[in-house]
Amino acid sequence: MLQQEFEERTGLKLPVDGYAEVEKCYMNTDLDKDVFCKLWIENPTALKEIERKTALVRELQEERKCLSNLLIDQAEKCSASDLREMAIAMIGEREYLSRKITKGYNLWEADKELLLDILKK
Numbered sequence: 001m002l003q004q005e006f007e008e009r010t011g012l013k014l015p016v017d018g019y020a021e022v023e024k025c026y027m028n029t030d031l032d033k034d035v036f037c038k039l040w041i042e043n044p045t046a047l048k049e050i051e052r053k054t055a056l057v058r059e060l061q062e063e064r065k066c067l068s069n070l071l072i073d074q075a076e077k078c079s080a081s082d083l084r085e086m087a088i089a090m091i092g093e094r095e096y097l098s099r100k101i102t103k104g105y106n107l108w109e110a111d112k113e114l115l116l117d118i119l120k121k
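Residue numbers are given in this note's numbering: position 1 of the sequence shown equals residue 1, and the series is strictly consecutive.
Careful, some of the hints might be misleading.
Stated by the list, open to error - Derived DEER-like restraints, expressed as beta-carbon distance ranges:
(1) E7 <-> E62: 30 to 36 Å
(2) E62 <-> G11: 35 to 41 Å
(3) C78 <-> N43: 49 to 55 Å
Said to hold, decoys possible - Dumping the calculated BS3-like pairs for lysine-lysine here, alpha-carbon to alpha-carbon at most 25 Å:
(4) K24 <-> K13
(5) K77 <-> K112
(6) K48 <-> K13
(7) K77 <-> K48
Source of the hints: derived by calculation from the structure; they are not laboratory data. All C-beta atoms in this analysis are idealised placements derived from N, C-alpha and C, irrespective of residue type, glycine included.
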């Protein structure tokens, strides 16, 4: 969101350095511009809480991605079907297959069956 958009929506006039805080907060949320501006005026405490929780969710998503990649790698390395199942439970069948193919791993028979089931849908 541009400073001009923020000022039009809120009626506030901020110096450039003051707007930097607004922009940082806005970029740390997934809120619509209008909702963000309304909260900035009416409930900045709630907005800060949304910003904090959005950052936490993003961090957890990244950790989940790393963990699921580790599960896929270890399942491949050890031929461990239980780790394969954990990865599928975490990220879903399609994402599991996509990542495995992207990594250049050979598909197991169970993976081929899974792919055929997905293609039939």
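Keeping to a limit of 25 Å between CA atoms, is the pair of K24 and K13 held or broken? 17 Å, holds
So if I understand the rule, the pair passes when the alpha-carbon distance is 25 Å or less; does K77 with K112 pass? 18 Å, holds
Restraint check for K77 with K48, where alpha carbons must lie at most 25 Å apart: 43 Å, violated
Does the hinted range 35 to 41 Å hold for E62 and G11 at CB? 37 Å, holds
Could you see if the CB distance from E7 to E62 stays within 30 to 36 Å? 34 Å, holds
Given hint K13 paired with K48 - CA-CA distance at most 25 Å: The given pair, whose Cα atoms are some 20 Å apart, holds under the 25 Å limit.
Satisfaction of the hinted span 49 to 55 Å by the C-beta atoms belonging to C78 and N43: For C78 and N43 the Cβ distance comes to about 51 Å; the hint holds.
Violated hints amount to a single one, hint 7; each of the other numbered hints is respected by the structure.
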